[in-house]
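Enquirer: Place chain B on chain A using the hints.
Respectively, the protein sequence lines represent chains A and B.
Residue 1 is where the first sequence starts when you use the numbering used here, and the numbers rise one by one after that.
Residue 115 is where the second sequence starts when you use the numbering used here, and the numbers rise one by one after that.
Hints were generated in silico from the structure; no laboratory data involved.
Just so you know, even glycine gets a beta-carbon here, dropped at the ideal spot from N, CA and C.
Check the hints yourself; a few may be wrong.
Unchecked claim - Covered by chain A, per the in silico footprint, the following chain B stretches (three or more residues, Cβ under 8 Å):
no., segment
1, 155–161
2, 210–220
As the list claims (entries may be wrong) - Heads up, simulated DMTMM-like pairs for lysine to aspartate or glutamate below, C-alpha to C-alpha not over 20 Å straight-line:
no., chain 1, residue 1, chain 2, residue 2
3, B, Lys184, B, Glu131
4, A, Lys9, B, Glu152
5, B, Lys213, A, Asp73
6, B, Lys213, A, Asp56
7, B, Lys213, A, Glu30
8, B, Lys213, B, Glu119
9, B, Lys171, B, Asp181
10, B, Lys171, A, Asp56
11, B, Lys173, B, Asp209
12, B, Lys213, A, Asp38
13, B, Lys173, B, Glu119
14, A, Lys9, B, Glu155
Each chain, letter by letter, is given below.
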Amino acid sequence: NAGVTQTPKFQVLKTGQSMTLQCAQDMNHEYMSWYRQDPGMGLRLIHYSVGAGITDQGEVPNGYNVSRSTTEDFPLRLLSAAPSQTSVYFCASSSQGRGNQPQHFGDGTRLSIL
Amino acid sequence: TQLLEQSPQFLSIQEGENLTVYCNSSSVFSSLQWYRQEPGEGPVLLVTVVTGGEVKKLKRLTFQFGDARKDSSLHITAAQPGDTGLYLCAGVRTDSWGKLQFGAGTQVVVTP
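In isolation and in its complexed conformation, chain B is listed as follows:
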């Protein structure tokens, strides 16, 4: 069982549509991070959320951290083909300093 459960596992949408990816856990996290990974490369950090209830915007991407710091979501508005990739959430539990653990990822495909 993954510490961080991501849903959906796979998402295929048309350019211009919106999408939301979820990252849920029963554990409390000091912070959560979102990464995007493209084929043949390592993940690259998109954002870090540290405060319960926090909302961060990065152009067309909106990230939320749940009030209880157990879950997060990533919303993409008007998706573009360049948004295609594997989206991963990651976090360190408040009682496991140093152990950064990842969810299984959501594969997003945006077609023109």
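Chain A extracted, bound-state conformation:
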């Protein structure tokens, strides 16, 4: 039972570099989302998708891009990494986005920007 798989688990980048955080789920969930977690801030929504081909912005979308070409995958792209993007990133999926279904989370990607 893979559930939600995030790769890589750890990454160190230099300021200005770009990279893609991968997220895949095998539960045929329509809803997927990306959060970042910083100390004292809880989880803040970056982008979300209610189905393949549909994405929308969350609370803190600046500096990040997403696409949803398949139901299974929802990659998060950092265009030009900045130290303020140092964080733990979580991907989640759910059968739908009404907030009354369980969100299944990956184990996170710990990202440091130097």
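Expert: Relative to the frame of chain A, chain B by itself:
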């Protein structure tokens, strides 16, 4: 400013004591969820409350959803060290379908 305000931010108690965590907002939610997160892992769902005034019990955990669907509470009776973790509330506003937003969390530490 967080959409969902959790209090307290940190709670340290002895095994056997009771505790209550609060989640408040000025917005109305279609439902609220409570998650627990342990170090190095993603949050795991504990419960979803959907009806104003609803009370749900999960063993020693009791969850309430306010009548106006703007707030919720989590009460743990006779806490055990295994209850240690970060407790997060989350919800989708009635006018923002799809945007599941979280509170900042309450770190609970239960010592033997």
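Enquirer: Hint by hint, note whether the structure agrees.
Expert: Status of the hints after comparison with the structure:
1. 155–161: holds (count 5)
2. 210–220: holds (count 9)
3. B:Lys184 to B:Glu131: With a Cα-Cα distance of about 27 Å, the restraint between lysine 184 of chain B and glutamate 131 of chain B is violated, given a limit of 20 Å.
4. A:Lys9 to B:Glu152: The given pair, whose Cα atoms are some 16 Å apart, holds under the 20 Å limit.
5. B:Lys213 to A:Asp73: holds, 19 Å
6. B:Lys213 to A:Asp56: holds, 9 Å
7. B:Lys213 to A:Glu30: Measuring from Cα to Cα gives roughly 14 Å; hence the hint holds.
8. B:Lys213 to B:Glu119: It holds: about 16 Å lies between the C-alpha atoms, which stays within 20 Å.
9. B:Lys171 to B:Asp181: holds, 17 Å
10. B:Lys171 to A:Asp56: violated, 35 Å
11. B:Lys173 to B:Asp209: Given pair lysine 173 of chain B, aspartate 209 of chain B is violated - Cα atoms ~33 Å apart, limit 20 Å.
12. B:Lys213 to A:Asp38: holds, 19 Å
13. B:Lys173 to B:Glu119: violated, 25 Å
14. A:Lys9 to B:Glu155: OK: lysine 9 of chain A and glutamate 155 of chain B at ~11 Å, within 20 Å.
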